[in-house]
Amino acid sequence: MPDHARSLLVGAVAYHPRVVTVWEGFKEYFREGGLDLDYLLFSNYERLVEALLDGIVDLAWNTNTAYVSAEARLGGRALILGMRDVDAGYASLLVTRTDDPLSDLRELAGATLALGSRDSGHAAILPLHFLAAEGVPLERVQLLRFDTDLGKHGDTGDSERKVVRAVAEGRARAGAIGDATWAQFRAERLPETDHLQVAWRSPTYSHCCFTARPDLDPALARRWLELLLRMDYNDPRLRPVMDLEGVKRWLPGDKAGYAALQEAMRQQGYLRG
Amino acid sequence: MIPRRCDAGDLELGGGLEVLLDAVLEPIAPGDEVEVSVASRAVALELPGWARRRGHQVIGEGSEGTGPARRWLVRLRRGAISRVLAPPLPPAGPPPPLRRGQLRVANWREGLGPAPTVADPTAGFAPLGAVPEAGAPAYDWALNRRDQVWADDLGSLIAGAAAAQWDATRDIPWQEAGPLPDLLERAVCQVVTFLAQNEYAAYYVPARFMPIVNPQFPEVLMWLASHAYDEARHIEVFTKRALVNGGRAYAFAAAERSLHSLLQEPDFSASALLLNVLGEGSFIDLLEFVAAHAPDAATATAARLAVRDELRHVRFGVSHVARLLARDPTARDRLVAAVEARAARLVELTGLAPEVTEALTIMAAGSAQPAQIAEGAAAVRDLMRRMAERRVARLREAGFDEGTARRISDLHTPNLM
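Going down the list, the protein sequences come from chains A and B.
Oh and the first sequence: position 234 is 234 in my numbering, straight run, nothing missing.
Oh and the second sequence: position 399 is 399 in my numbering, straight run, nothing missing.
Cut-off 25 Å, straight-line C-alpha distance, at most; resulting in silico cross-link-like pairs (SDA-like, lysine to any residue):
| # | chain 1 | residue 1 | chain 2 | residue 2 |
| --- | --- | --- | --- | --- |
| 1 | A | Lys27 | B | Pro137 |
| 2 | A | Lys255 | B | Arg53 |
| 3 | A | Lys255 | A | Thr204 |
| 4 | B | Lys240 | B | Glu355 |
| 5 | A | Lys27 | A | Glu50 |
| 6 | A | Lys255 | B | Gly60 |
| 7 | A | Lys255 | B | Gly55 |
To give an idea of the chain B side of the interface with chain A (calculated C-beta under 7 Å), a few residues:
| # | residue |
| --- | --- |
| 8 | Glu18 |
| 9 | Leu45 |
| 10 | Arg53 |
| 11 | Gly55 |
To list a few chain A residues with every Cβ distance to chain B over 10 Å, as calculated:
| # | residue |
| --- | --- |
| 12 | Lys27 |
| 13 | Ile56 |
| 14 | Tyr270 |
By construction, these hints were calculated from the structure, which means they are not laboratory data.
From a predicted model like this one, the values you see are computed outputs, not experimental measurements.
Where a beta carbon is used, it is the ideal one built from N, C-alpha and C, also for glycine.
Whenever a hint applies, use it, and build me the whole structure from the sequences.
Written out as structure tokens, the structure is:
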């Protein structure tokens, strides 16, 4: 019988079947490191956040949007216990067709802007927030939203694919997309990206992070973080699962990169209070 | 630090820029920097996302020049990740020599060193000269020692096999396969059916070893594949000869018992002795007999072409066994024990199936005239004598002393294969 007092239950969202492979691999790694880890999968981040707050899971592998919700409900006392290298310094991009570039963001007034899922921090919430800060009159911008896979906060990349297609087909003047997603689409030679270019890059922010309640056993938290940060991409047994998770190196993470999203979610009505 | 410069021309992400950047970043040390010059701000803006995904970092952005000549500069710091989980490739070695413009298998290891004495039993399919990446699944090969499978003339045997391929449809004068008097046709049918039946075993023996030889011995794989394919063609050509005039013949149980016992032998070298040296050796004599006495050109041609292949197979067997006996003092007893064990399993076989002896006799006689039948019988006796003599000679060539060679030859299956 596992000692549940000394074990750690991580919650994650199954945005793709490969999430099982990832967590089976991580579970084996942590158990070999002496930490009795198990995982519980959810179909959406809202329920994952509830499970974290209700004490059903000890740690939640959260999107930035999910983290900000949890943090708000924990009164700013949530713990961050790691993020991927790719999650630090994240940015959103606006892409346009090369034959119809934007010389000034304010040209978006009267034009159509394609956005990813409305619960995606990088493909909807933050692009609107930063564009407003740049002086784009959003009330005069026609929004073309692709609200696919709601609850998964843009994890699947499906809504961004639709954003790119809409811009390529001329249904939108510009489209918002995460910079890592864009790099992935380009590397995959996605045909729709062929005659598109990057028109604007947002300020950087943090994306996913492991979130814990403040009452998590500090020894357990420390052991988790130690093992997480020690995960080595040059270990041939770990590389396949780290590739599936899209991480080369884990970072401790911090709260600094979430300020803009907190403000954006409050302004856009995603946070109570 | 003065970073390296990299002029990316008009490249953009997805259009080849990532290929250039990987090529520039891969060989430099982690922490070293490269300043990439790109044609537009749009391209500069896509690089941070790319860099993070690759484990690198953008640490500075700027531009130089003005107007149409303006270039955007992105400074990248290489991350600590090696894309391939393997040591860096060693410098290219000396190339193998060409012989009269040809690159031969016999020469392809020059510059790489000889085949390993013991190959890693978990190794995958890394071709000669390739550096295997860590993290591949582990195999569990059964034949990993060079001595278990090797022959020193494998290179020339493989070259010979490739050069001597023939076609059982096109290269046989099938229109000259008859008609023959019924007695002769039935005799030919029975002889070629016996040949085809035996060639099945000659196919299955090398085929059984193909998937268990360590892939670090590609010469052996190529050899076994050529051997098995030769036998497949022999099955084809002798089956065709039996069918070409609509004939039917028996596949005798006695032959089956002998061949079945051949397939019971699990050891590669013992199989090489039993099949290549003894069985196929005897078949060279038998096929030469058929080529000399066949009443029709199709049968004679098929037998002659099959002899060419069997000579190679025997050569491999002799060469492999000779090498093994010279290097491993325990091999002789093991091989003799394998021959004895097979003979013990075949104790109920007292001779070649009489129907086969009769068919060979009639084929050599060419008719049912008593005088000619006597000549045919004498020819078959000569064949049996020649087989025994040459079997001993081959065993001597393979490194057995005279006494052992005679004993092994005497224990050989009366079924010939």
